[in-house]
Amino acid sequence: MKGVLETREVQSPALENNPLGDPARRRLTVYLPPGYAEGTQRYPVVYFLHAFGSGGASWTNASGFAPSVPDRLDALIEKGTIPPVIGVFPDAWTKLGGSQWVNSDAIGRYRDYLAKDIVGFVDKTWRTLPKAASRAVVGHSSGGYGALVMGRYHPELFSLVGAHAPDSYFEYCYLPDLPKAATALLKSGGAETWVTEMRTRAQETKLRGDDFPVVNILAMAAAYSPKKGEPLNLELPFDLQNAKLRLDVWNRWLVHDPVRFVPKFLDAFRKLKTVFLDCGTRDEFNLRWGTRMVADDLKAAGVDVVHEEFEDGHSGVSYRFERSLAVLVPRLSQD
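At position 324 of the sequence shown (counting the first as 1) the number is 324 in full-length UniProt numbering, and the numbers step up by one without a gap.
Source of the hints: derived by calculation from the structure; they are not laboratory data.
Glycine included, each C-beta is placed from N, C-alpha and C at the ideal position.
Mixed in with the good hints, there may be bad ones.
As the list claims (entries may be wrong) - Here are the in silico distance ranges between beta carbons for each label pair: (1) Lys-228 - Ala-57: 28 to 36 Å; (2) Ala-300 - Lys-124: 15 to 23 Å; (3) Glu-38 - Gly-209: 43 to 51 Å; (4) His-307 - Asp-177: 24 to 32 Å; (5) Ala-301 - Pro-34: 32 to 40 Å; (6) Asn-242 - Ser-333: 52 to 60 Å; (7) Thr-7 - Asp-177: 29 to 37 Å.
Work the whole structure out from these sequences, hints included.
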């Protein structure tokens, strides 16, 4: 790598006293391009939002023979495909596996953590170009969802959004897992007991394959249907005894679906320079279709959209960041 990775610790006021008791002090990894240390130049910034089930450190891990995302970013700069940028890799891990990068009474204020605490810290610590025209936010899966959340709420901070396989069209990506979650939670005697058992498995041996859909649904409920006083401060979208869909709670989820919120917040998305969207044609969570819907709505509203599909599934597709970065980074203001 020709650039340099730096790691700092950030104390987040937004995460202090969060409901899950997760750390308010987080490690932050930042990529600095070649020549940063020797010069005085200021740089545009790309924020990378990790997926559910991973944390900020996951970006720096090379996967087998595949390079890490910072390595890919470094190579794009070296080849001249993109101009030099600073890359920021924040951590939004929670005890439930993720935050969806939203503010929630069951999880904490993770949208504020990124938009206020992390962006502010980065601009104070490194030589950034501290304006929306010089900031992009990208992510995959729940990170892609988070990128759309930032586009919805914070076009004053980010002018470019890249969403790879973002959680969208909840009927297709979440409904299939509700019966699986109901089965496991009923067997354990409830959400709190199941989470305790899951954490014990993770510490003593490893998670089972059937744990993922359960913790995923719990984390999504914490993000989309929080309710103080309920177990884990969340409402499940199904009856725990017979798995019948609770439409009142499910409708709370749908408010957070990009397929629903993008058409309602088009004024915010019209402020963006470009939105990059993609998804594999064999995505196991059926996210291809929601991504298409979001792209169609944005295009119809006059938003500059680059929408692509490729022959692959949901996981192991970090190579697609080379494509989104090649599209988005040259459009960032360099001064």
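Against the structure, the hints:
| no. | hint | result |
| --- | --- | --- |
| 1 | Lys-228 - Ala-57: 28 to 36 Å | holds (31 Å) |
| 2 | Ala-300 - Lys-124: 15 to 23 Å | violated (40 Å) |
| 3 | Glu-38 - Gly-209: 43 to 51 Å | holds (49 Å) |
| 4 | His-307 - Asp-177: 24 to 32 Å | holds (26 Å) |
| 5 | Ala-301 - Pro-34: 32 to 40 Å | holds (39 Å) |
| 6 | Asn-242 - Ser-333: 52 to 60 Å | holds (55 Å) |
| 7 | Thr-7 - Asp-177: 29 to 37 Å | holds (35 Å) |
Against the hints set out earlier in the document, a violation occurs for number 2 only.
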